[in-house]
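**Student:** Chains H and L, in that order, give the protein sequences. In case it helps, this note's numbering puts the first sequence at residues 2 to 264. In case it helps, this note's numbering puts the second sequence at residues 17 to 345.
No lab work stands behind these hints, which were simulated from the structure alone. A virtual CB, placed ideally from N, CA and C, is assigned to each residue, including glycine. Among the hints, erroneous ones may be present.
Computed Cβ-Cβ distance ranges for the label pairs, DEER-style [to be verified]:
hint, chain 1, residue 1, chain 2, residue 2, range
1, H, Glu-97, L, Lys-86, 27 to 33 Å
2, L, Asn-252, H, Gly-223, 33 to 39 Å
3, H, Gly-262, L, Thr-184, 39 to 45 Å
30 Å max Cα-Cα, derived DSBU-like pairs, lysine-lysine [unchecked claim]:
hint, chain 1, residue 1, chain 2, residue 2
4, H, Lys-248, L, Lys-212
5, H, Lys-175, L, Lys-210
6, H, Lys-264, L, Lys-76
7, H, Lys-248, H, Lys-62
8, L, Lys-44, H, Lys-175
9, L, Lys-340, L, Lys-177
10, H, Lys-264, L, Lys-249
11, L, Lys-212, L, Lys-164
12, L, Lys-340, H, Lys-164
13, H, Lys-248, L, Lys-249
Partner residues aside, some chain L positions facing chain H, computed with beta carbon under 10 Å [stated by the list, open to error]:
hint, residue
14, Lys-44
15, Pro-143
16, Leu-147
17, Phe-163
18, Val-205
19, Glu-206
20, Ile-208
21, Asp-219
22, Lys-220
23, Val-263
24, Asn-317
25, Glu-328
26, Asp-329
27, Ser-345
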Amino acid sequence: MTEIRIIVCAKQIPDPEAPLSDVSVDAEKLEVIVDAPQVISPFDENALEAAVRLTENMGGKITVLSLGKKVSDTVLRKSLAAGADELILLEDDQFEKLDSHSTAAALAKAIQKIGEYDLLLTGRQAGDWDSGQVGLLLGEMLGLPCISLARDITIEDGSVVVKKGIPEGYERVKAKMPALVTVSNEVGELRYISRTKMLKMIQGARSIPSWGAGEIGVASDGLQKMGIASLSSPPDMGRDCQFLEGKAEEKAEKLAAVFMGLK
Amino acid sequence: MNEVLILGEIKDGSPDLRTLELLSAGKKLSSAAGGGCSILFMGDAVSGAADKAGAYGPHKVYRVEDPLLKGFQADLWLSALEQACSQIHPSVLLMSHGFVGMELGPRLACRLNSRLSTDCIDLSIDPADGLLLRTKPVSGGNAISVFKCLGEPQLATVRGKVFPPAETGQTPGEVADIQVKIDPSMIRVESIEKVKEETVSLDKANVVVAGGAGLGEADGFELLEELAAALRKSFNNVMVGCSRVAVDKGWISSDHQVGLTGTMISPDIYVAVGISGAIQHLVGMVHSKKIIAINTDPACNMFKVADYGIVEDYEDIVPALVEKLEELS
């Protein structure tokens with residue numbers, strides 16, 4: 002096998018590392034409001050990193066797909082700066098708040114439109130709804146071998162070999178390509194992208210294709226929204242923190258005393 | 017009939033703890049829906065576990081036994097489970113939100129054209145339409161959502177340690193065998209080897225000393241190991257934990273990871289060193305009895321959930337703390 006064609010599905014979400022105070026719940030509109038910058042979901046970044054490493058080693062092409070009502074190409078252009086060759090946005094008003102099944106169905110249509118590929122990568126779960134379903138649903142819908150929780154991915158003679166996490170350690174598994182692999186964070190974080198490179202990519206003249214439901218052949222009556230019956234804030238987890246003061250040495254001494262008190 | 021089915025898992029020849037929790041969750045639902053709650057066991061030898069499960073009072077215990085179901089090959093298990101569902105016709109199927117459920121759940125939902133909710137912390141039946149109300153933390157735990165979806169069976173994976181385990185001493189359920197047709201040609205993903213790793217069991221720790229991005233480098237964990245060693249002179253089961261970022265950076269292995277996709281723990285003492293407190297981390301440790309945070313950023317999330325805080329570079333605190341602890345213990 003010479004060059005590999007990889008499709009990475011990446012979701013744009015509000016930064017899941019945002020401080021608690023930036024998150025609120027609108028129980029009426031059934032919306033979680035996060036006042037934080039949009040980012041690529043962390044496990045999807047891990048998937049992208051895995052893809053970039055594979056193409057660095059053996060050559061090939063990476064296509065990144067991102068689906069939403071409106072996807073920011075500024076956020077997703079980071080994938081191009083990291084080493085992806087092509088970015089396709091799947092944007093449509095009908096793509097708002099889809100359930101996992103419909104999200105996977107729309108992605109599957111777009112993937113069929115793209116045509117040939119060897120490897121389909123997704124993050125193990127998205128950092129907003131933490132459902133962990135779209136990857137495996139996609140694999141099933143496209144009739145692919147499915148491998149979840151990858152820690153490491155290599156290619157051997159037209160097959161993908163994955164070190165996947167299992168409760169007692171890891172399992173090395175192998176499947177014929179094309180295959181679906183969901184990626185876990187043990188793969189490693191997405192490589193550092195310099196500010197200059199990032200800016201160049203964001204301001205670049207390159208136009209990013211955007212496909213709507215009609216263009217990928219998704220019938221609107223085939224799409225279902227997430228069935229949210231109600232939404233509420235979690236119980237308050239806050240405690241009154243007692244700060245230990247003084248010079249470093251004194252703080253350490255006070256903390257040692259706290260430990261002795263908890264014995 | 018409104019049968020609630022749970023997928024049982026076996027450990028050392030008995031139903032595991034998660035299975036007993038699922039059974040109590042399932043019984044609550046079946047009594048609301050006016051039906052029974054049954055258990056399904058799959059594997060190469062499940063009779064022992066099936067017999068033992070009878071003591072917990074399920075309506076029925078279904079057995080799917082086949083030599084090919086030895087271990088866990090997902091393609092074969094998925095086909096067997098799909099076939100079992102088409103014979104039993106449960107109105108609800110619950111699985112544990114563990115390795116098996118996370119792997120089979122979405123694929124089964126696709127094959128049965130139903131909709132799954134994962135990692136649920138509460139379940140009930142909507143009396144209006146008989147559908148399952150699935151409560152699940154979302155946005156890393158910043159919000160709690162209740163989902164309702166169409167499809168049969170109604171599908172959910174359930175978080176561990178949320179429901180109490182079912183109790184013994186009830187009328188034993190009837191045991192029934194289910195025949196499925198599986199063969200090796202269904203295997204799409206071939207196992208090359210399984211490698212056991214020496215892993216920490218953070219859920220058994222009394223004290224966890226955890227490090228995050230603020231450590232700045234892998235060597236930071238050596239200091240935390242020294243702190244853990246010093247604490248072992250006064251406490252039992254002191255272990256080292258970490259945030260997801262520390263794993264992503266390759267500083268420490270993922271069995272040390274605390275949080276939503278790591279281990280969820282509530283030790284007596286949790287010491288967070290250089291962990292700012294992303295919500296997906298906090299949900300994994302916020303129920304610790306005492307929380308101590310060391311961080312250079314006084315505004316970070318971790319101090320909001322901590323009982324004791326020190327604003328200082330950990331490199332200036334930990335060595336001095338180790339010294340003091342050695343003196344005092």
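**Student:** Less than 10 Å between beta-carbons is the criterion; does Ser-345 of chain L satisfy it with respect to chain H?
**Tutor:** holds, 8 Å
**Student:** Hinted pair, alpha-carbon criterion (30 Å max): Lys-248 of chain H, Lys-249 of chain L. Please report holds or violated.
**Tutor:** holds, 26 Å
**Student:** With a cut-off of 10 Å, does the beta carbon of Ile-208 of chain L approach a beta carbon of chain H closely enough for the hint to hold?
**Tutor:** For Ile-208 of chain L, the interface hint holds, since the closest Cβ of chain H sits about 4 Å away, which is under 10 Å.
**Student:** Do the Cβ positions of Asn-252 of chain L and Gly-223 of chain H conform to the proposed distance bound of 33 to 39 Å?
**Tutor:** violated, 57 Å
**Student:** Does Val-205 of chain L pass the interface hint, meaning its C-beta sits closer than 10 Å to a C-beta of chain H?
**Tutor:** With Cβ-Cβ at 5 Å, under 10 Å, it holds.
**Student:** Does Lys-177 of chain L sit within 30 Å of Lys-340 of chain L, going by the straight-line distance between their CA atoms?
**Tutor:** violated, 37 Å
**Student:** Would the hint on Lys-44 of chain L be counted as holding, given a Cβ-Cβ threshold of 10 Å to chain H?
**Tutor:** Not OK, violated: Lys-44 of chain L not within 10 Å of chain H, min 18 Å.
**Student:** Next pair to validate is Lys-248 of chain H with Lys-62 of chain H; report whether the Cα-Cα distance is within 30 Å.
**Tutor:** Roughly 55 Å between the alpha carbons, so the hint for Lys-248 of chain H and Lys-62 of chain H is violated.
**Student:** Does the Cβ-Cβ separation between Gly-262 of chain H and Thr-184 of chain L fall within 39 to 45 Å?
**Tutor:** Holds: the Cβ-Cβ distance is about 41 Å, inside 39 to 45 Å.
**Student:** Would the hint on Val-263 of chain L stand, with a C-beta cut-off of 10 Å toward chain H?
**Tutor:** holds, 6 Å
**Student:** Given a cut of 10 Å on the nearest C-beta pair, is the interface hint for Asn-317 of chain L held or broken against chain H?
**Tutor:** holds, 6 Å
**Student:** Please verify that hint: Lys-220 of chain L, Cβ, nearest Cβ of chain H, below 10 Å or not.
**Tutor:** Hint violated; Lys-220 of chain L Cβ to chain H Cβ min 15 Å, cut 10 Å.
When held up to the earlier numbered hints, the structure conflicts with 1, 2, 4, 6, 7, 8, 9, 11, 12, 14, 15, 21 and 22 and fits the remainder.
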